[in-house]
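First residue of the sequence shown? That's 1 in our numbering, and the numbers climb one at a time after it.
Since the hints were derived computationally from the structure, they do not count as laboratory data. One or more of the hints may lead you astray.
Beta-carbon label-pair distances, calculated as ranges [said to hold, decoys possible]:
#, residue 1, residue 2, range
1, Leu159, Ala251, 41 to 47 Å
2, Ala193, Ala69, 52 to 58 Å
3, Gln90, Arg236, 47 to 53 Å
A quick note: this is a predicted structure, and the numbers were derived from the prediction, not measured. For glycine and all other residues, C-beta sits at the position ideal for the given N, C-alpha and C.
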Amino acid sequence: MAGRPEPDRNPDERVLPDAADPRVQRALELVLSVTGFESVHLTRIDLDAGVQEIDESLDAGVLRFPRGALLPWHDSVCRWAEQTHEWDVQDATTRFASCPQVRDQPLVSHVGVPLRDSSGRLVGSLCCLDHRALSVPAGARPVVESTAELLQGLLEARLEAHEAQNLVRLAVHELRRPLGVASGYSSMLSEGAFGDLPPGAERAAGQLDRQLATARGLLDTSVEMLRVEDRRLTPRPEALELTEVVRTVVARLETDLEPAHRLEVQEAQEPLPVFADRYQLTTAIANLIDNAIKYSPDGGEVRLETGAVRPSALGPRPAPEGACAGEASVAELRVVDWGLGIAPHDLPRLFQRFQRLEPARKGRISGTGLGLYLSREIVRAQGGEVLASSPGRGQGSTFTLRLPLEGA
1 MAGRPEPDRN PDERVLPDAA DPRVQRALEL VLSVTGFESV HLTRIDLDAG VQEIDESLDA
61 GVLRFPRGAL LPWHDSVCRW AEQTHEWDVQ DATTRFASCP QVRDQPLVSH VGVPLRDSSG
121 RLVGSLCCLD HRALSVPAGA RPVVESTAEL LQGLLEARLE AHEAQNLVRL AVHELRRPLG
181 VASGYSSMLS EGAFGDLPPG AERAAGQLDR QLATARGLLD TSVEMLRVED RRLTPRPEAL
241 ELTEVVRTVV ARLETDLEPA HRLEVQEAQE PLPVFADRYQ LTTAIANLID NAIKYSPDGG
301 EVRLETGAVR PSALGPRPAP EGACAGEASV AELRVVDWGL GIAPHDLPRL FQRFQRLEPA
361 RKGRISGTGL GLYLSREIVR AQGGEVLASS PGRGQGSTFT LRLPLEGA
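Model the full assembly from the supplied sequences, consistent with the hints where possible.
Pasting the structure below:
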């Protein structure tokens with residue numbers, strides 16, 4: 001939508017490791033159980049960059065190898081094992097004495113399986129480690145090797161997905177400048193910087209402005225999606241008042257609101273103090289309002305209600321991991337529309353990436369299917385939640401944003 005709030009800042013966000021993959025964790029648990037070793041991890045090896053990264057780790061003893069740790073490839077245990085073809089070592093303290101992993105921790109035994117891509121290039125390793133002198137039992141070796149083959153496939157899929165994301169990042173980066181230049185000239189054209197426009201051209205210039213604004217919104221959405229995928233939604237929380245934030249978003253959106261739509265705000269009587277990232281919260285609220293407007297193609301009212309909800313009113317519904325607990329009051333924003341509505345069977349998949357439901361496809365409603373997904377992930381990163389409800393198709397929808405109420 002053209003009136004989408006512009007970012008107030010460009011957060012310098014910290015990159016975090018990917019979330020633990022339950023499939024990999026189960027595979028590592030199997031390896032631990034059949035080998036008797038105390039530590040096992042899956043690593044990615046980038047020979048060009050000269051680094052080895054611990055992709056997933058499972059430690060059940062003295063040794064500790066945290067996920068996301070980067071090791072110099074030139075003096076890692078796996079490099080020495082690769083060069084000497086000794087992937088089963090019970091005296092690592094002597095054999096690999098110069099390796100930081102051996103110097104920094106009481107590592108004695110190392111048993112590993114190299115992971116190679118289809119061309120034979122080393123891309124990772126499955127390593128079993130222990131501070132005792134151990135070797136993998138003969139009967140367990142086939143299990144370890146079979147598990148390594150499975151993990152190799154998962155690792156290759158991750159690497160391919162990472163490359164695809166890099167292409168998207170490059171495209172987004174390269175599109176920013178030409179789109180910005182085009183938007184600048186379009187604004188100058190509309191404002192008469194090049195003289196009066198001929199009859200009929202003003203309408204065309206206005207349409208050009210709106211389409212470029214839509215393109216900028218899609219680009220901003222792509223950037224936010226990449227931040228979610230990279231786990232870079234690290235909030236910078238501050239003391240905020242929820243109703244005040246809603247007012248700010250509404251004021252920005254109303255400047256480009258179509259005449260057929262109107263935003264009505266029903267404000268809470270009491271202050272709603274929350275501790276959240278202003279930029280991210282503004283983005284999430286704007287997405288929810290934008291969604292309500294889009295799915296009310298015939299126009300009408302979109303009502304925004306703010307208030308505090310007490311624990312007894314939250315019901316037995318379990319909150320998602322990291323979301324509001326039911327023990328404290330929460331600040332709530334309800335975005336209510338009387339538009340296309342949602343069928344009951346569509347509700348469970350509503351917050352999935354690129355999800356566009358049948359009414360949107362048939363009605364040719366524009367969008368990427370990312371707005372609701374991003375809103376939920378943003379709010380969850382603040383310790384809150386986003387819920388959806390609808391009586392059914394053609395009966396409107398309600399989206400509820402909840403955040404912990406400060407001082408409750």
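Here's how the hints hold up against the structure:
{"no.": "1", "hint": "Leu159 / Ala251: 41 to 47 Å", "result": "holds, 45 Å"}
{"no.": "2", "hint": "Ala193 / Ala69: 52 to 58 Å", "result": "holds, 55 Å"}
{"no.": "3", "hint": "Gln90 / Arg236: 47 to 53 Å", "result": "holds, 49 Å"}
In summary, this structure violates none of the numbered hints.
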